[in-house]
Every structure is written in C-alpha cells, then in structure tokens.
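Residue numbers (the working numbering), protein chains in the order written: chain U, 980 to 1268; chain W, -2 to 748; chain D, 41 to 200.
Keep in mind the hints are simulated off the structure, nothing from the lab. Take the hints with a grain of salt, since some may be wrong.
[As the list claims (entries may be wrong)] Okay, the calculated bits of chain W under chain U, using three or more residues with CB under 8 Å as the criterion: (1) 599 to 613; (2) 661 to 669; (3) 732 to 741.
[Unchecked claim] Over the 10 Å line for every Cβ pair with chain U, so calculated as not near, a few chain D residues: (4) 83; (5) 134; (6) 136; (7) 160; (8) 171; (9) 172; (10) 194.
[Said to hold, decoys possible] Pair by pair, the computed Cβ-Cβ distance ranges are: (11) U:1024 with W:59: 40 to 50 Å; (12) W:132 with D:71: 50 to 60 Å; (13) W:726 with D:123: 39 to 49 Å; (14) D:71 with W:209: 19 to 29 Å; (15) W:422 with D:198: 37 to 47 Å.
Think of the CB as a built atom: it goes at the ideal place given N, C-alpha and C, for glycine as much as any other residue.
Read off the chains here:
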Amino acid sequence: MTDMRYLAPSTLDEAVGAFAAAAGAARILAGGTDILVQMRAGMVQPGLIVDIKKIPELTGIEETADGGFVIGAAVSGAVLYEHPRFGEVWPGVLEAINLIGSTQVQGRASAGGNLCNGSPAGDSVPAMIAAGATVTVQGPNGRRQMPVEAVPAGPGRTNLTPGEILVSFTLPPRAKGASDAYLRMIPRTEMDIAVVGCGVNLTLKDGVCTAARVGLGAVAPTVLLVEAAAKALIGSKLDDAAIETAAAACRAACRPIDDKRGTIVYRTKVAGVLLKRTVAIAADRAGRA
Amino acid sequence: MNEISNKWIGTNTIRPDGADKVTGRAAYAADTSMPGMIWGRVLRSPHPHARIKSIDTSKAEALQGVKAVVTSKDIVEFPVDKPVALGIQDMRWMSRNVMAREKALFHGHPVAAVAAMSEAIAAEACKLIEVDYEVLPWAIEIEDALKPDAPILHDFVQFEGKPSNIAGTLEHKLGDIEAGFAKADVVIERSFTTRPVHQGYIETHACLVSVLSDGKTTIWSSSQGQFMVRAMTSLLTGIPQSSIRAIPAEIGGGFGGKTIVYLEPLATMLSKKSGRPVKMVMSREEVMRATGPTSGSTSTVKIGATKDGTIVAAQGVFYLQAGCFPGSPIRGAAGCAFAPYNIANVVSRGFDVVSNRSKVAAYRAPGAPIGAYAVECVLDEVAEALKIDPLDLRIKNAAREGTKAAHGPVYPRIGLLETMESARKHPHYKAPLGKFQGRGVASGYWFNAGGESSAQVNITEDGNVVVTTGHPDIGGSRAAIANIAAELLGIDYRRVSVLIGDTATVGYSNLTGGSRVLFASAIVVTDSAEQVIGQLKARAAKIWGISADAVVWENGEARPSGDHTGNFPTMTLAEIAAKATETGGPIGAGVQLNTTGAEGGFSTHICDVEVDVDLGIVRVLRYTSFQDVGRAIHPAYVEGQIQGGAVQGIGWALNEEYIYNKKGHVDNPGFLDYRMPVCSDMPMLDAVMIEIPNPKHPQGVRGVGEVPLVPVMAAVANAVHSALGKRYYSLPMSPPKVLEGLDEGTLQAAE
Amino acid sequence: MAKLHISTKINGEPTEFLCDPNDSMLDVLRGPLALTGSKEGCGSGDCGACSVMLDGRLVCSCLMLAAEAEGHEIETIEGMAEGEKLHPLQQKFLEMAALQCGICTPGVLVASKALLEKNQNPTETEVRYWLAGNLCRCTGYDKIVRAVLDTAAEMREATR
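All chains, please: the whole structure from these sequences, using the hints.
Written out as structure tokens, the structure is:
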C-alpha cells in the first residue's frame, strides 16, 4: 500500500513547486487515461498526483494574432474538437488527437498526456511533429520551448528535466495552400493502439509542394521526424515517383520491433503505404486551403 | 393439451427483468454486499510450470487486517487415479484448477488466497506469502507439447503406453473410409490451425459467500448454474449440499465460460475460516490469464467427392488444446464437423492435448466451430475443383430426415436443407461484389441438449402467476418462458412473473448451456401449467357442482362445456383464485424432469468481406445467417443469439487470439490487445429464422444459442478466399498474416 | 492514508463522500455510494461499462480519480429515468431487445444519451463510432444501433 497524495493546484507555480519537491515520486494528472491504467496495473506507484486541470493556462485554447494556436497541455480531445476554428486550420492534428481512444477517452485525454506518456505509438505525436509544433515547458528553473520531436526520449521516457511540466503546444501560423493529415493502421476500426501512425503537413503552391514535414509513429523507440521523406516531396508536384521516394524514405527510417501489435516486416511495409495515403489526403486539403 | 392461439408465442414481449437492467438496478455478482463483509484475493503462480515445494503463509497471516488464508490444504483432495465426474468436468481437475496442489501448471494458476479488511490489504498480504517453487520446463503450443522431449504435465497421463500430453482421444466411424476415397474423383486434404479465444463476457467472475458457525453457507455468484456452483463447492469444501444455498446473481455473459467454478470454493473456505462474509471479484487480467478460453487447434481434413458432387468419404483429425488439465471439447470438434452432411464413409478423430495454459472452459458449441472451420473450408475447395457452386455442393450432400450421422444419431425432421436453399435464393447471395470483395458460405451443426430441469407454477391469491425455474437467464429466457406460460394459461404476459430460483427454492436444474434452457424449461413449465389448468378446471367444477371433465379452459377462463354449456357464467383465473381456500387450498404445480428430445440445430451463413490489400485488413461488409430455429418463442431474442454468435465468430476469424510471450505468460490479458469486435467494426446483421418445429417438443423449440457461432469462421475464410483467390489456413486472419500472404501475382489475379 | 473529503453533485443531488486518493470514481460509485449500475468490465477504459457523464461529458469512471469529482457534477445510469418514467432510450432498448445479459447496458445507455444530446440525427456510422468504446459481447451490436437510431427518430418527431 502506498501513501499517495492528491493535489489540484490552481497555479502553475504551485504545481511546479509540488512536482519538483516530490523528486520523481510524483506524476502529473491531465486526462488520466494512461496514468490510471498504469497505477492499476501496478506499473507505477506515485507518491503524489498533481492534477493540472485547474490551471487556466493548461486548459485553454488560444488563436494567436498571427494565426497560430496555443493549446493547453491538458485540453481534452473533445474540447479541442468543439473549437470553432482549430479543426479548419489543423485538420490533421485534430484528427490525430481525436483518434486517441474511445468517445469516453476523448472526454479526458489530452495531447499533453499523449506526448508525456512517451509511447512511440501515441496518435497525436506524429501529427504534432509534422505540424512543426513546439511545446512550452516550465520547471524549477523557469520556462523553455522545445520542438515536439525533442520531447520523447524512448518508450515511456521524455527529455523533460526533473520537475518540468508540459504547459502548452504552439502551432505556427498557416500559409495559404497548407494543410495536414494523419492516418494510422489499427486492426479494428477503433480502440486499438496504432501499429503505425503517419502525420503529413504540406504546402502547395501552383501544384508544387513548397514545404513538407512527415512524422512517423510506432516504428521506432520514439516518434520520428522523417526529413528524407519531406525532402522527396518538396519541390515535386507530388507525382507518383516523388511519393514513392518519400514512402521508401519512411520505410528506410523504420526501426520497429516485433510485438503483439505487429511485426517488423509488417510495420515497415505499412509505413510506406500510410505515407502515400496521408500525402494524398493532405494534398487534397491543401489544394482547397 | 390446450389449443394454442399464439397470442404470445412468437411475439416480442418486454422481458421480465428488463426494467431492472436498463436502470442499473439488476444485481450482478459484484453488486451484492453484506454487513461485515471482507475481501478475498488470489495469489497466482508467476511461473507457467513449477513444482510447489512449500508455502509459508505466516507473514501474510500476521499482517494487520488479514482474517484468513487458504491454500490447497483447505480444498478437498481428489486422488489423480480415481475419476469423479460432475457433468462434463472431473473433480480431480477442478480441485487442482481452483487451487494448485502438487504443481502450478500455468502462469496465473492460483496457489493461495487471502481474505482481509480491504482489497488493498489482501493484495499486500499476497505479496507476503512465500512459495518455494521448483521451476520446470514448460510447453504452451500443441506442437511443443507433442514433441518427444516435451515436458510432461501429468506423469499419470499415458498415451500408447507412455507418459504423454495426449490426455484423451475419441473416434467416430461410419462405413469404409478406404473404399470411400477409392471412389472419389477429387480428393482434397488440408491442415488448419486456430488460436485459443476467450468467451469475452464483460462481467468478470465474482462471488460473495457467507459461511455461518453452524456451517450454513450462502453463495451469491454469477454462473451458468447455481446447482453446479452448489455441487462443486460442496465437493471441494466438504460442506454438504443441503447446507449450501447458491443464489444465482444476474449473469453478465458467460457463453460457456461460467459453467465451472473458480472463486466460490476459495471464498467459502475463506469465509469459513474468518467467520466473515467474503467477496471476491476477478480483475479483467485475472479473467484473461486464468479462466477458460476455448481450445486452440490443429486439424487435418480430407474430403473425397465424385464428379457429380457426391461426397463419398471424409476424414478429420482434430488436435485440441485442453489447457493444463484434460478435457478439451474434442467431442464437439470431431462430432459436429461432418454432421451437416450425408456421407457414407467417415472417420473423425479428436486428440485432447494438455499444455501449460489455463484450463479451457466451454465456449458456445464447444469444439464445433473448430471442426466446421476446417471442413467447410475444404468443402469450398472441393466445390472449386468440381466447378460446382459451393451452396449447390452443400445442398446436394445435405443431411436430412433419416440421415445417419457419424456421431450416432439418425436425424428426425431437420431444417438444414431449408437453411441452404433459403440462402441460395436470398438476394444477398446474388448481390454484386466489387474489387477485392468476396463472398463465402458455410454451414454448421450443434448437438443441443435436454437434461434436468425443474419449474414451479403458482397462482397468486389475486389470480396472477409466478413461474420459477432453475436456469440462470443469460440472454432473455425469462421473456420466452413468460410468453409460453401466458399462452398456455390464456392470460396477458404481464400477469406472469418469471423468476430464477436458488438451490433452496427450486428443484435441481442443470446448467444454462448446450442451448438447452428454453428447450428444457419450456417442457417443465408446460407440464406444470397443464397441471395448474387441470386444478383450475377442477375448482370451477367444484364451484359449479359438475364434473371436471365438463370444464374447458379458454382465454384465461373456465367455461362449462358439453351438456353444461351456458349453464354457468365463465370464471376467470382471478375469480377461481379468490375462492382457492374454500375449494381445496393454494393452486400451483411443480414438475421436475430429465428432459429428452433436444434435436440438433443447423445453420448456413453468407459472409461478404472486403480486403484492404495494402494493409491486409479484412472488413465484413454484409452477413446473413439462416438458421432452423424450431420455433421462435421470442423472435427478437432468437435473432439476438444469431447476431451475437456471428460477431463472436468474426472476432475469432479476424483478430482474437491469445498471444504468449517468451516467458510463457499471456501477453495480451486485456480488452486493449485481446481484440474483440467493437461496434464500428460491424455491419447490420441479417438473421433469417426458419421455423421447422422440433417434433419432440411441446412448442417445437430447438436450441438456438450455440449453432450461430459454428459456421462463422469458415464463412469468413471462404469469403477472404473469394476476394483474393488465396486461402489462409490459420486463424486469426489478422492484418500482418493477410499481408504476408499477398504477393504481386495474387493481387493481379484478384483484380 | 488520510481520506479526502469530496463535495460533488451526483444525479442532481449534492453528495459528499470520503475516498482514498487513489480510489477511482468507479470505486466510490460502486462502493460507498452504492450506485452499482456502473459496472467494471476492465478497469482500463477499454469496455465502457463504467460510462458516466462528468459535467455533461462522457467519460469512463474507472479512468477518473474520485478526488477529481470535487466541485463537479456526475450523472450515472441511476439518474437516467425520471422517477417511474424511463428515458426514451431505456424504453426503446426494452422494446427492441437491445440487451441480452445486460451488463454493458448501463454504459451503452449513458453513452447513447450523450450522443443524442449532441447529435439528434446521427447516421448509423456515427452511432457505431460513438459507441466503439462500449463493448458488448452478446448482441453483435445490431439491435443496439437500431434502438439508438429509432429513439433518435422518435425524439426528433416528438420535438417537432
């Protein structure tokens, strides 16, 4: 039996103070859809739970003056879905976040939790990486920003330093002709963990791809930013040859494992398939954006 | 017997337990509590195979809040050399399954149990129990268990004179198999594998047990048979059956998996030792690690046919995993596999193989879907080789009245042919298919069952009806019983209350299983209701001063007939009940019988799939089941059985499987990675009910619950073959497996 | 382990309870509050049998700490009927036999009600994806989906 304490501070400073003081025995509670499962399975036995949902900065969605977005780390998928503008601007990021778990899970789960859980299969992460999102983290030594791809350190681990709390995601302003998409492969139609996830964000100008980013999940210890795939797309008209090169780059980037959810061979093949399908959706959306 | 107007039989009445269930008030096993109740928890083996050298529980017993600890010493021992059968189970294995004795035989096998003031204290106490294990080599899969140097689970199990993991065999034979194959123009022989799958009931096993100082024991638990719970608990604890009252809680799904006990004997001993009521609730993980899935299998089926499509010989060999104790459903696999067909020469063999996994439990037509999967896939290949439509091949060879089945019976009037012909004519069979889409068909058989059943029909003082039966209602049987009682008595079904009695309030009734509940309970309810009607007529006769023979019962009223017609005003049930005391006392009747005449059930299915050939994902687009249901007493719940069975089979075919890691542990012990179909995976499901009444039943009832699962995996597999021109010989047809089997040549041909 | 004192509102009634910091909302509903209509099928958010509404949003009560209920409102299956009058979904589930064993039914009903509050005219696909987190092993989902669609149609008709 562990003596666990529960705190729900209303300020970030208070949260950081308590989190840092607990020196590793504490866990952050946002939607709880991972941590409660882990606690119940005995995988973690926190001495302190810091519930961050009473902190306004962590639960708000702000469209900034330049057209970017700042999303609090604890904003649930259901709340983000209801935002009047976010899904228009970042349809791929939204669909990725909305694919996490069931309707019930959507009522609680957040992109912040999805990222900090450190799973290489988190659905929102490839889309956020493709989007070029950055995170703001705050710890005992103050605030800093880092790109999303710099956060995961390996399965279940992040590069946040002790006492640091993920505060928000910042998504950059959108150029005209830019859009994104996310697809994942799961055996069923819902309720599975991604076997492979692929996020693509691209900008089209007169039919030519002028910018692109590709995020690939569940094929390596951390979610990957596949620069070689983006490179193959940029400058092309997204013709079959360019897309095939990008798909090959995705396959080449894979360093997956065999496990209960998929095999090395399968995941590698699927990474290329998903790249092609995701590019097609993102390009279609970009053509209309 | 009374004329049946069919006012209620065949109608979709509201189930008697419905309002309870939609408001959250229905009490399932884990919903019950008692004053002074404490919590029990099981310590489970961390090894798949280990000799238990010693168990020291002293530290756990010393922990504050711990009230009792039990080990195998507290459970009655049944020596391994003396079989003690209870239904299809053997108490030698039940005893060792609820609590490991000499050896722990699978990861998750119970080795001790604790009762404490809270679940958390009980869990903490489990960690303080010291078990000295001698870890042994282990075997999980059939091929590993059958290797010459395989670790032997039970040295007393012998096969062909040597210690073996083959714990039993069975053979059905008909005709001359060699001569049969000699006549064949086409012979197809194929081997198949299936993985163990769990019944997947959403309610985990749970019970609450109170043992008083005088030994009087009350058990609330979720099971498919309160009398099974009483008998097994009695045998395993030594408490006489007369001292045990087993109360059936509402049951949250079973599908066969709750036909044995896991927790009840442990909670009973914990309660006896602690003097407190003890509640035990399994976690989902415990359910997945330690309760019965059905068998995984390897099978080889060989079928020979002549050019005109006559099947002349069929041979099947089915190896089924039993888990760690003997008792896999080889009877269902070998017995049902060829049962839909009229084949002159058959050999069907089953082998029961033990290995270091949890003991299997019954699952919806146990074994039959495994046999049907192999046979119905080979039949598809025979049809292809002969260029005959697969349904036409089945129609040509369909068993019918008078056909002698290899497993013994000569069939009476059965509706198999009607299911096939109905499928053949159905618009589904002719609907167009697109690219990478395919259609498969398959048929299936299940024995069905009768057996012991008891009922009491009582007339209340205000002239309404209470019916008590003894089989837990797992999917709407109370609604069907209400329909029958209302029909026979000629009253509104809302005046009939149907209850499931406990072991102290109703006569012995066998398990809810084998698709037997409505078949058997309808017989005893009918007999009881007829006796009650006889009493009602006699009471009216007495009041009128005429002979009982001169009274008829119609539309819920007694009416004078013959010479007395019109001489007295009719008397309603309520009027007769009001005078019960002065006319002879309470009105009611009970019947207890070993019912017979449960004839087998047949069905034929059509499945359409589409394959995402880049990802290997198979999706079911359309599914239609055609089933001979005898008579649909409550059609909506019959349809529900058919639809539910189809989806379980689709899960088995596509994604469900036990995955073991290198340590011999189940690696997917939860609903996240044990992938049962979710709502968005499924299309609407058509159920075509064909009513060929069972001639041996008063209402024509045939069991309907199990055969809906039997043909499904074959129908899906045949549809995948039709979509891709490529056949998969192992289940599940999960995306990695499907994709691995697809090459450019296959895809081009499929396009 | 010190107990926490939580003030919340359950099915419209102000409710206070004591809980351990690691108790789930489901533990407290089923234990001290004796609201056993919410079921535990998995304890990991994969089956939806414990579905409740938290401030009008559908959640799994097994994935929520009881302590988080402080100052919030929870609705459970026990609050779905108004007195003797069943909610139209409850009535339709009975009429259409959209339950067999009934263990998943409370969660399915709570989730379906949440859907119809957001979307009065859902398509079959929308119903199926909304309910994907509610496992049912008995029915094959067919009658559940039909009952939700039929209820939606009737409720639209009633409010016209």
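Of the hints stated earlier, which fail here? 4, 8, 9, 11, 12, 13
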